[in-house]
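> Residue numbers for the sequence shown follow the working numbering, so the first one is 1 and each next one is one higher.
Hints are not guaranteed to be accurate.
[Said to hold, decoys possible] Pairs of lysine-lysine residues, derived as DSSO-like cross-links and limited to a Cα-Cα distance of at most 27 Å, are as follows:
(1) Lys170 / Lys107
(2) Lys341 / Lys253
(3) Lys699 / Lys107
[What the hints assert, rightly or not] Taking CB as the label site, the calculated pair distances span:
(4) Ser249 / Leu806: 27 to 35 Å
(5) Gln113 / Ala245: 51 to 59 Å
(6) Gln113 / Thr613: 36 to 44 Å
(7) Thr584 / Ala678: 23 to 31 Å
(8) Ala245 / Thr613: 26 to 34 Å
(9) Leu355 / Met298: 35 to 43 Å
(10) Arg482 / Arg386: 42 to 50 Å
(11) Ala609 / Ala675: 40 to 48 Å
(12) Leu423 / Leu745: 49 to 57 Å
(13) Gly154 / Phe587: 46 to 54 Å
Because the hints were derived from the structure by calculation, they are not lab data. Cβ atoms here follow ideal geometry from the backbone N, Cα and C, with glycine treated the same way.
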Amino acid sequence: MWRLTWRSLLTHKARLLLTSVAVILGTAFVAGTLIFTATLQNTFDLLLDAGIADVSVEPDGSVAAWNNGAALVSEKQLATVRGTDGVAVADADVLVDGVQIIGKDGKPVGLPQAPSFGWAWNPTASSGLSLADGRAPETANEVALDTETASRAGFVVGDQVQLVTPGLAKTATVVGLMRYGASGNLAGATMTAFDPTTARLLLLQGRSGYTSIGITAAPGTTPDQLRDRISAALGDSGLRVRTRAELVSEAQKQISDSLGFISAFLLVFAGIALLVGSFLVLNTFSVLVAQRARDLAMLRAIGATRRQVAWSVLGEALLVGLLGGTVGLGLGLLLALGIQKAFVLIGMDMPYAGLTVSWRVVLAAYGVAVVVTLLAAWLPARRASRIKPVAALRDATTSARKPLRTRSAVGAGVLALGVVALLVGALRTPSSLPLVGVGAAIVLVAGVMLSPWLVSQALAVGALGARGHAATARLALENGRRNPRRTATTASALMIGLMLVSAFGVFGASSEASSDAAIDRTLKADFVVSSTTGKLFSPDVADRVGRAPGMATVSATTSAAVMVDGQPDVITGVDTSTIASVVTLEFTTGALTDVMGSGLAVDARTASAHGWTVGDTLDVVLPGTTQPMRVAAVYAADLGTSGLIADRAELTRLGWPNQDSAVFGVLAPGADSAAASAALQSSLAAYPNVVPRDAAAQKEAMRSQVRQMLSLVYGLLALAVIIALLGIVNTLALSIVERTREIGLLRAVGATRRQVRRMITWESLVIAVYGAVLGAALGLLVGQAFARAMGDEGITEIAVPWSTLLVVVLLACLMGLVAAVLPARRAARLDVLASIADSG
Numbered sequence: 001m002w003r004l005t006w007r008s009l010l011t012h013k014a015r016l017l018l019t020s021v022a023v024i025l026g027t028a029f030v031a032g033t034l035i036f037t038a039t040l041q042n043t044f045d046l047l048l049d050a051g052i053a054d055v056s057v058e059p060d061g062s063v064a065a066w067n068n069g070a071a072l073v074s075e076k077q078l079a080t081v082r083g084t085d086g087v088a089v090a091d092a093d094v095l096v097d098g099v100q101i102i103g104k105d106g107k108p109v110g111l112p113q114a115p116s117f118g119w120a121w122n123p124t125a126s127s128g129l130s131l132a133d134g135r136a137p138e139t140a141n142e143v144a145l146d147t148e149t150a151s152r153a154g155f156v157v158g159d160q161v162q163l164v165t166p167g168l169a170k171t172a173t174v175v176g177l178m179r180y181g182a183s184g185n186l187a188g189a190t191m192t193a194f195d196p197t198t199a200r201l202l203l204l205q206g207r208s209g210y211t212s213i214g215i216t217a218a219p220g221t222t223p224d225q226l227r228d229r230i231s232a233a234l235g236d237s238g239l240r241v242r243t244r245a246e247l248v249s250e251a252q253k254q255i256s257d258s259l260g261f262i263s264a265f266l267l268v269f270a271g272i273a274l275l276v277g278s279f280l281v282l283n284t285f286s287v288l289v290a291q292r293a294r295d296l297a298m299l300r301a302i303g304a305t306r307r308q309v310a311w312s313v314l315g316e317a318l319l320v321g322l323l324g325g326t327v328g329l330g331l332g333l334l335l336a337l338g339i340q341k342a343f344v345l346i347g348m349d350m351p352y353a354g355l356t357v358s359w360r361v362v363l364a365a366y367g368v369a370v371v372v373t374l375l376a377a378w379l380p381a382r383r384a385s386r387i388k389p390v391a392a393l394r395d396a397t398t399s400a401r402k403p404l405r406t407r408s409a410v411g412a413g414v415l416a417l418g419v420v421a422l423l424v425g426a427l428r429t430p431s432s433l434p435l436v437g438v439g440a441a442i443v444l445v446a447g448v449m450l451s452p453w454l455v456s457q458a459l460a461v462g463a464l465g466a467r468g469h470a471a472t473a474r475l476a477l478e479n480g481r482r483n484p485r486r487t488a489t490t491a492s493a494l495m496i497g498l499m500l501v502s503a504f505g506v507f508g509a510s511s512e513a514s515s516d517a518a519i520d521r522t523l524k525a526d527f528v529v530s531s532t533t534g535k536l537f538s539p540d541v542a543d544r545v546g547r548a549p550g551m552a553t554v555s556a557t558t559s560a561a562v563m564v565d566g567q568p569d570v571i572t573g574v575d576t577s578t579i580a581s582v583v584t585l586e587f588t589t590g591a592l593t594d595v596m597g598s599g600l601a602v603d604a605r606t607a608s609a610h611g612w613t614v615g616d617t618l619d620v621v622l623p624g625t626t627q628p629m630r631v632a633a634v635y636a637a638d639l640g641t642s643g644l645i646a647d648r649a650e651l652t653r654l655g656w657p658n659q660d661s662a663v664f665g666v667l668a669p670g671a672d673s674a675a676a677s678a679a680l681q682s683s684l685a686a687y688p689n690v691v692p693r694d695a696a697a698q699k700e701a702m703r704s705q706v707r708q709m710l711s712l713v714y715g716l717l718a719l720a721v722i723i724a725l726l727g728i729v730n731t732l733a734l735s736i737v738e739r740t741r742e743i744g745l746l747r748a749v750g751a752t753r754r755q756v757r758r759m760i761t762w763e764s765l766v767i768a769v770y771g772a773v774l775g776a777a778l779g780l781l782v783g784q785a786f787a788r789a790m791g792d793e794g795i796t797e798i799a800v801p802w803s804t805l806l807v808v809v810l811l812a813c814l815m816g817l818v819a820a821v822l823p824a825r826r827a828a829r830l831d832v833l834a835s836i837a838d839s840g
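Given the sequences, and given the hints that come with them, work out the whole structure.
Below is the structure:
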């Protein structure tokens, strides 16, 4: 049987080519995703390996890594560490995130999501940095840059470089270049070194202390022993002591968790591509089994068992899976680079240290390809094993199908269950999103189950409408009705792709509409100045905004990363005397004045979710300190503003850096908005890391973020749509082989080649239109349910992008016409006499 399977595959290799392509594309996506994330993980592992001391001492607390130097190690604590037995060298470091290097093009250098470190030059520190060119900075107007950043931005020793620090913007001379580790790779981060005095002034805003201590163990002392001794010496000091191994392990876990989101995000789309491809595999093997019914029956008649017949079909699937795994793995390498480029296009550039291919990637590629192909081919193989030997005497090549009544009734019940889940999930209960996700999956299953009945009804209506029109259109509709299961399976692949496109389109449009509405309801300010990188910036920006012509009121806010009752959170620090002039806050309990001091204002939705009421005390952990703060007021949650609000002066008193996250400006009555905008742009020229926007520009900026993400999603979903269109091509090509005699008879009674091409084209168009319309309809249902369920996340408006959906459906139909070109051409070129003589 294996020889027969191999011979069958070689004899009809062209018929399985498109099937292999679908498996290859899906497998390549899985392999490419795994290679991409493994490469990122390896890059960060190399980064960690370069600059960690035997033992490290840092401020304790879960928010210490976010502190921008807010929590510090004191001189007294440094002396205690140096006096501990087993310490060979203890170097204190000043390393703060927040020094942005401005390139020669006037834009910040480095990745927006990566740190931009400022460092106090310390040649003996265990930092992994070494001087590669020039000398160390010695004065306030000198800096050293890391080699990777200098190379990317085109800076050399002797150049002038513009810097934006947590304190002020300044210009300095590049006097040296530093290399990190052996490769110089900082994984997209930037490093600027200052002389120690200047670093303390700019990075720590004049405060004394250090951000960490790196310790080298004396000979004969293990890192674990040294850690225990230092911990005992420091006592309850608010410092955390860790060995190199512990620090690396924790950092790797954090990186792995962060990359896990990227990996999961990409693997979801890989799964979608494989799901769509499985429809193609299922359809292909179903048609092949139907075409080879007599051959398989003959095998049964001469002694082949049902198991042997089934394995002959599964054997072909296994070979297709192995081919898909092999080629898919190779394409995965190229796709990993493509994924990187896609992230670059939407502003999410990622570092690379060479592609990393592990044995897990190889196993995953082959495992996914083989398992998916075998599972998809299992039903056709089972059907083949049930062919009776007497079928070898029949002239028909297809067996009778069971009626669709039972399947349709079950599908209708499943659809009702899915719709109920979506409706209940849309009520915004605490468990809304998971319920909506389950409902979406149920609706998808119901769509596949109901599709044969729906397509038969749609084609019946189409046949009535086609009366009196071209015979080719009527024949195409009748061909679709002849085997509604095949037509539905082919269309289902396209339905899945269009359903997801429509759902994401509704979500994106709703997000844009909600952000616009939130700005209209909340924003009173004429201008909002915010960071282009999402980081805090110098208070000098607010001073410059206040000095701009025509500006009447300025209010700056800061975002403090904290822990609230043991959970990560963000507190927005506001100036209680001016915040009401720039944004709308409607208090349901308490007032803004109650927030002064150690009070907190909480939006009603957050308060309800956590069970907080006015008077409750929350433990708020800031870098280096824990402070009880009282819930003093509750404000409306439907204005677009949400979260915890505190008095900024109190946050500063508790040690949070005097830096801003946003600056709001209100013009004086009668002031010229255009002149004020130009003045703002000019006054903030020294700070390219911030941008002033009016309300319209702020809306457009929010829309742009949504569109960037949607562009990536649509690009990933395009793979599933392409595979679905390949399914249409494959189904048409196989159906032509099945209908060779029928097409020959049509030609014999007068049909022209052009009419045959039109008939096949109509069939492709019918499948594309049905799949696209059904997918768009289900996507509208699912998308609105998801948008309504995310009311707590700020989605307050429901919008449907009708024009976008119409364009997508029309494009799918157009691609359906393109998919018919080769099958139609092949059908038109069939030899009439040979076709009539074909026995199927």
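> Now tell me, hint by hint, if it's right for this structure.
Comparing the hints with the structure gives:
1. For the hint linking Lys170 to Lys107, the alpha-carbon distance of about 15 Å falls within 27 Å, and the restraint holds.
2. Annotation: proposed proximity of Lys341 to Lys253 holds, straight-line Cα distance about 26 Å (limit 27 Å).
3. Restraint check for Lys699 and Lys107: satisfied, since their Cα atoms lie roughly 22 Å apart, inside the 27 Å limit.
4. Distance hint check: the CB atoms of Ser249 and Leu806 are about 53 Å apart, inconsistent with the given range 27 to 35 Å.
5. Separation of Gln113 from Ala245 is about 27 Å and departs from the stated range, judged on CB atoms against 51 to 59 Å.
6. Taking 36 to 44 Å as the suggested C-beta distance range, the pair Gln113 and Thr613 conforms, at roughly 37 Å.
7. Roughly 28 Å separates the CB atoms of Thr584 and Ala678, a value that falls within the hinted 23 to 31 Å.
8. Our hint of 26 to 34 Å for Ala245 and Thr613 is violated, since their Cβ atoms are close to 45 Å apart.
9. Distance hint check for Leu355 and Met298: the Cβ-Cβ separation is about 50 Å, which falls outside the suggested range of 35 to 43 Å.
10. Taking 42 to 50 Å as the suggested C-beta distance range, the pair Arg482 and Arg386 does not conform, at roughly 21 Å.
11. Between Ala609 and Ala675 the CB atoms are about 45 Å apart, so this pair conforms to the stated range of 40 to 48 Å.
12. At about 52 Å, the CB distance of Leu423 to Leu745 agrees with the hint of 49 to 57 Å.
13. A hinted range of 46 to 54 Å for the beta carbons of Gly154 and Phe587 is consistent with their spacing of about 53 Å.
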